[in-house]
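Generate coordinates for the entire structure from the input sequences, incorporating the hints supplied.
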Amino acid sequence: MLLRLAYLTVTNAFAALRLLPMSDRDKDVEILILRHQITVLERQLGADTKARWV
0 MLLRLAYLTV TNAFAALRLL PMSDRDKDVE ILILRHQITV LERQLGADTK ARWV
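In our numbering, the protein residues as written are 0 to 53.
Honestly, I wouldn't trust all of these hints.
Stated by the list, open to error - What follows is a list of derived Cβ distance ranges for each label pair:
hint : residue 1 : residue 2 : range
1    : Ala12     : Ile37     : 22 to 28 Å
2    : Arg17     : Ile37     : 16 to 22 Å
3    : Ile30     : Thr10     : 32 to 38 Å
4    : Val28     : Leu1      : 35 to 41 Å
5    : Arg3      : Leu31     : 15 to 21 Å
6    : Gln36     : Thr10     : 32 to 38 Å
7    : Thr38     : Ala14     : 30 to 36 Å
8    : Ala5      : Glu41     : 30 to 36 Å
9    : Leu16     : Gln43     : 30 to 36 Å
10   : Leu44     : Leu1      : 29 to 35 Å
11   : Leu1      : Asp27     : 33 to 39 Å
12   : Leu1      : Thr38     : 32 to 38 Å
13   : Gln36     : Asn11     : 18 to 24 Å
Simulated from the structure, these hints should not be mistaken for laboratory data. Model, not experiment: these values are computed from the prediction. Just so you know, even glycine gets a beta-carbon here, dropped at the ideal spot from N, CA and C.
As structure tokens, then:
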């Protein structure tokens, strides 16, 4: 459990560092790509499944 927490902390830190040099346009493009990937995965899972943002 402790190893998993350390792994998640390190990966989140690297993800945050990767976002620092990005412009707003780059971030917007990445958001659009991620939304498209979610839509494709929802389509593959079936019509009953929908991503919930809680």
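Query raised in the report: Do the Cβ positions of Leu16 and Gln43 conform to the proposed distance bound of 30 to 36 Å?
Result: holds, 32 Å
Query raised in the report: So the hint says 18 to 24 Å: do the beta-carbon atoms of Gln36 and Asn11 match that?
Result: holds, 20 Å
Requested in this report: Note whether the CB distance of Ala5 and Glu41 lies within 30 to 36 Å or breaks it.
Outcome: About 32 Å separates the Cβ atoms of Ala5 and Glu41, which means 30 to 36 Å holds.
Query - Ala14 and Thr38 - C-beta distance against the hinted 30 to 36 Å - result: Once the Cβ atoms are compared, 22 Å apart, the range 30 to 36 Å for Ala14 and Thr38 is violated.
Query raised in the report: Taking 16 to 22 Å as the hint, is the beta-carbon distance of Arg17 and Ile37 inside that range?
Result: Given range 16 to 22 Å: holds, Cβ gap about 20 Å.
Requested in this report: Could you say whether the range 29 to 35 Å given as a hint is met by the Cβ separation of Leu44 and Leu1?
Outcome: Check passed, 33 Å falls within 29 to 35 Å.
Query raised in the report: Using the C-beta atoms of Ala12 and Ile37, is the stated range 22 to 28 Å upheld?
Result: holds, 24 Å
Query raised in the report: When you take the CB atoms of Ile30 and Thr10, is the distance between them in 32 to 38 Å?
Result: violated, 19 Å
**Report entry** Hint check for Leu1 and Val28 - Cβ pair distance inside 35 to 41 Å
**Finding:** holds, 36 Å
Query raised in the report: Is the distance from the Cβ of Leu1 to the Cβ of Asp27 consistent with 33 to 39 Å?
Result: holds, 37 Å
Query raised in the report: Taking the CB of Arg3 and the CB of Leu31, does the distance hold inside 15 to 21 Å?
Result: violated, 31 Å
Query raised in the report: So does Leu1 sit 32 to 38 Å from Thr38, Cβ to Cβ?
Result: Roughly 36 Å apart at Cβ, these two residues keep to the hinted range, so it holds.
Hint violations for this structure: numbers 3, 5, 6 and 7, all remaining hints satisfied.
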